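So you can see what is in the structure, the chains are spelled out below.
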Amino acid sequence: MKLSLKLIATFFVALMMSFNVFAAKITITMGGDDERAMREHYRFALDWAEENGHEIGYVYRPASATDTLNLYQQICSSGSSDIDIFMIDVIWPGIFADCAYDLNNIFDDAHKADFFEGIVGNNTVGGKYVAVPYFTDAGLLYYRTDLLDKYGKSPPSTWSELAETAQFIQDKERAAGNAKMQGFVWQGAAYEGLTCDGIEWVNSFGGGNIIEADGTVSINNPNAIAALKTAASWVGTISPEDVVTYKEEDARGVWQTGNAVFMRNWPYAWSRSQADDSPIKDKVGAMALPGGGSDGKMTGALGGWQLMVNKNSKNPEIAADLIKHMTSVEVMKTKAIDTSNLPTRPVLYDDLDVKAANPFFGMLFDTFNNAVARPSTVSHKYYGQVSNVFFNEVHSVLTGSKSAEDAAAAMEKDLKALSRKF
Amino acid sequence: MAKIQRTKLSKERIRSAWIFLTPMFICLAVVAIYPLITTINYSFTDARLGDLYNYNYVGWFHYETLFFYDEWWWVSVKNTFIFSFFSVFFETIIGVTFALILNNNMPARGIVRAAILIPWAIPTIVNAKMFQWMFNQQFGVFNEILMDLSIISEPIAFLAYPDSSMAAAIIVDVWKTTPFITLLTLAALQMIPTDIYESTRIDGVSSWKVFWNITLPLIKPTLVIAIIFRTLDALRVFDLLYVLTTNSRETASMSVYARQWLVDFMEVGQGSAASTLLFAFLTIATILYLIITKTSFDRQGVY
Amino acid sequence: MSWKKISLVFLLLIILVYTCFPFYWAIVSALKKAGTGTFIVEYWPSEPVLKNFIYVLNRPAFGSTFFNSFLVSTLTVLFCLLIALTASYALGRIQFKGRTVLLLGILGTSMFPQVAILSGMFELVRSLGVYNTYQGLIMSYVVFSLPFTVWILTAFIRDLPIEIEEAAMVDGANSYVILFKVFLPLMWPAMVTTGILAFIGAWNEFLFALTLTISPEVTTLPVFMASFRGESEFEIPWPNIMAASVLVTIPVLIVVLIFQNRIVKGLTAGAVKG
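Chains as they are written, first to last, in the working numbering: chain A, 1 to 422; chain B, 1 to 303; chain C, 1 to 274.
I should point out that these hints are in silico values taken from the structure, not numbers from a laboratory. Computed from a predicted structure; not experimentally measured. Beta carbons: idealized from backbone N, C-alpha and C, even for Gly. Treat the hints loosely; a few may be bogus.
[Claimed, not checked] Just some of the chain B residues that point at chain C, by a computed CB distance under 8 Å:
{"id": "1", "residue": "F20"}
{"id": "2", "residue": "V112"}
{"id": "3", "residue": "S255"}
{"id": "4", "residue": "L262"}
[Stated by the list, open to error] Listed next, the in silico BS3-like pairs over lysine-lysine satisfying Cα-Cα at most 30 Å (straight line):
{"id": "5", "chain 1": "B", "residue 1": "K78", "chain 2": "A", "residue 2": "K421"}
{"id": "6", "chain 1": "C", "residue 1": "K33", "chain 2": "A", "residue 2": "K180"}
{"id": "7", "chain 1": "A", "residue 1": "K128", "chain 2": "A", "residue 2": "K314"}
{"id": "8", "chain 1": "A", "residue 1": "K128", "chain 2": "A", "residue 2": "K112"}
{"id": "9", "chain 1": "A", "residue 1": "K153", "chain 2": "A", "residue 2": "K229"}
{"id": "10", "chain 1": "A", "residue 1": "K381", "chain 2": "A", "residue 2": "K311"}
{"id": "11", "chain 1": "A", "residue 1": "K355", "chain 2": "A", "residue 2": "K153"}
{"id": "12", "chain 1": "C", "residue 1": "K4", "chain 2": "B", "residue 2": "K220"}
{"id": "13", "chain 1": "C", "residue 1": "K33", "chain 2": "A", "residue 2": "K281"}
{"id": "14", "chain 1": "B", "residue 1": "K78", "chain 2": "A", "residue 2": "K413"}
{"id": "15", "chain 1": "A", "residue 1": "K283", "chain 2": "A", "residue 2": "K150"}
{"id": "16", "chain 1": "C", "residue 1": "K5", "chain 2": "B", "residue 2": "K209"}
{"id": "17", "chain 1": "C", "residue 1": "K51", "chain 2": "A", "residue 2": "K180"}
{"id": "18", "chain 1": "B", "residue 1": "K11", "chain 2": "C", "residue 2": "K97"}
{"id": "19", "chain 1": "A", "residue 1": "K180", "chain 2": "A", "residue 2": "K283"}
{"id": "20", "chain 1": "C", "residue 1": "K51", "chain 2": "A", "residue 2": "K281"}
{"id": "21", "chain 1": "A", "residue 1": "K355", "chain 2": "A", "residue 2": "K283"}
{"id": "22", "chain 1": "A", "residue 1": "K229", "chain 2": "A", "residue 2": "K180"}
{"id": "23", "chain 1": "A", "residue 1": "K413", "chain 2": "A", "residue 2": "K297"}
{"id": "24", "chain 1": "A", "residue 1": "K416", "chain 2": "B", "residue 2": "K78"}
{"id": "25", "chain 1": "A", "residue 1": "K25", "chain 2": "A", "residue 2": "K324"}
{"id": "26", "chain 1": "A", "residue 1": "K283", "chain 2": "C", "residue 2": "K33"}
{"id": "27", "chain 1": "A", "residue 1": "K153", "chain 2": "A", "residue 2": "K172"}
{"id": "28", "chain 1": "A", "residue 1": "K281", "chain 2": "A", "residue 2": "K333"}
{"id": "29", "chain 1": "C", "residue 1": "K181", "chain 2": "B", "residue 2": "K11"}
{"id": "30", "chain 1": "C", "residue 1": "K5", "chain 2": "B", "residue 2": "K220"}
{"id": "31", "chain 1": "A", "residue 1": "K421", "chain 2": "A", "residue 2": "K128"}
{"id": "32", "chain 1": "A", "residue 1": "K311", "chain 2": "A", "residue 2": "K421"}
{"id": "33", "chain 1": "B", "residue 1": "K78", "chain 2": "A", "residue 2": "K229"}
{"id": "34", "chain 1": "B", "residue 1": "K220", "chain 2": "C", "residue 2": "K265"}
{"id": "35", "chain 1": "C", "residue 1": "K265", "chain 2": "C", "residue 2": "K5"}
{"id": "36", "chain 1": "B", "residue 1": "K209", "chain 2": "C", "residue 2": "K4"}
In isolation and in its complexed conformation, chain A is listed as follows:
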């Protein structure tokens, strides 16, 4: 009996205690909890905190963008104030507009004018300045300069050239005893990353943008079908069969260990490849992704991350001040040099230090201007479903469970049904 009373007491004390440990600090969610996330993001926040006498809390972000989106949606609809700053994807401002603190209260037009106009526009929803551009991204083709030189090949400008070169080098390397060599690795798992890869293929073949800006569902066209067929033909030939389970880091795992000739990935992979203890240091080149045919478009999906303040934050002004620091010229320059994050301030593309660290940045400036945007603006808060339909159907084509024609027709049907809700 005595013991039971004690138990009751313990339980109620625990219940009564408020575990509100965040009150005095700004909590941000930007990456994992490993050294890399620390180097890429948090250390800048810690500098700021030390200088201004604040405290920083981090929240772990799931590995995939899709899971992250789910998590953020949950947090927003819970009305929780536990996280002050979210790092959001370029496709999410529409989804999170309701949950965002209007940064127009903090940043004036003069401040905004220093950033890429297009991204600021993308981040403004119904007049609300949802998020400040943190860094931008575009899909890139990485290639092994040493392997291409060894076999007298040049970087490909079309997908068929890429497939040919990849197959050739893969066969030769395997014959030479390097059994794990793969021709081309990319992101084939059924998640948001496949939407990026997929829209790149489709767009490079002149197959449109899935849903056009005016709301027309354009995916069911011969060029898009040809693009999907091409991608499916890589699985099990120049790409490992389990490429259809790869996310960014899986592809980079194969690439980084020296086991791939080509890789599709984001700019962050550059600084990893070129790190001092990287086995492929100075054997790496990066360029725009190949075009569909001789008249195809060299392209890359537009990516990038923004910093948003939670409207339920207890200290929105302090949080915005941290964002101001994180997106300052100094921080952005350091990030560009150390971790190859593309700046969102045009002025930094002329910076000599930045150019020296990332020789491909100059060329990417064009790619960035040509980059293909996912149809997030037109599909607004239904983008998640649009993307889900797209990556699932593309995934079926890659695994061979559906023909490209059937998948394109199915996408058209589902997306048309969805687009009525927009």
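For this one, chain A is given, so just place chains B and C on it according to the hints.
Relative to chain A, chains B and C alone:
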């Protein structure tokens, strides 16, 4: 006199029974019944995750959508059944076999019985990760073993395709839940008096016949309960498929499907309708279970 | 040794391999150096290293989610045992109308698919303002732990000999006295058993923790595990992930191996005595 006291006492007991039950009622009403009713209510609305308080009633719209327009819901239903059927089928066979082996008097039996608890105790998430690694195409031990035995010549990408990843999920689930069947069967086996077998030994009946004609009927009631428990559990599968397979809707179960609509698509209305259907479906299964066990109560008279 | 004995030993070995190999493999993989592209399948680690375990132990989120899992599971179990004690006494020892229906209802609740109450639970947690708190998480765990605890405890309490109760009743003791003075001392073993089973259930829970918590200060180990990707800078992250898997499992395994007899009893009591 004694009788009056008895009734008084039993009245007191019945009153105190209800008092004793009250805390549980309150708890379950708050944490189970209220959320269940809320979910059912949402299933008739167009509520979205962003705003759970402003919604319109849309009648049976979501249910109609699921039944008549959404092939992927039907895929999830099919997946759930395939998963449950094969998982329960194989774990029953393996579980009973293990129990029959363990029922023999052996020196190391204690160790093996402890070892059998390991799969059961490992969190499903960890299970999924462990098998994901073993199924890995490039570095996985399964591919290595199969290559060493020359069963395959090229590594297989087990988790890449819908069919093979569903098979992989079933394998993981069978591994995890075999102990449950084994332990229950073992308990039933040990209740069988040994003299039942005496006569058969003299007659020289084959051990398969002994199992089929004597042992199986005796452990059947327990086995039926174990199978039903496991089936109900398998029908709700979520964690395993969520982590193990590639998040593809081709391998989604009914639980995964419902969560996807609730959270990924923020369509609480349709997600709740899918949840409610799963609930209704499991309720029917539970009632069937109760009917079946009730009959076995009466017929066998054991327990 | 006879033929039969030898074949039995062989069969036992097969069972051992079947049950232990995946976990053994996780340990072996966690002990590997796993350098750049040099991961080789070895059934025995030739150069075992502890660096993967140290890496995981140094993750701040590992420590905090470990603590959270422990705290949340323990509090859930204590709370449920407390509520279930009186309830299962009533259900197991007192004859009253509607008892069977009640028992069936409780069994039904323990069969609840979690996803069926997910949106409702989310709304409840949100409106109570306990999103991302221990209280919210414990509340959701009570949904499956309480019916389970009541069910198993009822099965146990029904088995206790009737004489002890009758003796007390003859002395004119009321139900409260019988429960707390007579039964409670006898119930400890059953409560420990039930508590362990419920603890393992709560320790392994994933969906509610995933949905109702966010920060490493509150969330649990399975959520940490699901999003843990290891230090994958220049090598395959699997040895790290396997190290985390082993570390997450070890506490449960210790509990299971210590209390294996009780656990087997509890598992069979719940089902066989249904």
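Item checked: Hint numbers not upheld by this structure, sorted from lowest to highest -> none
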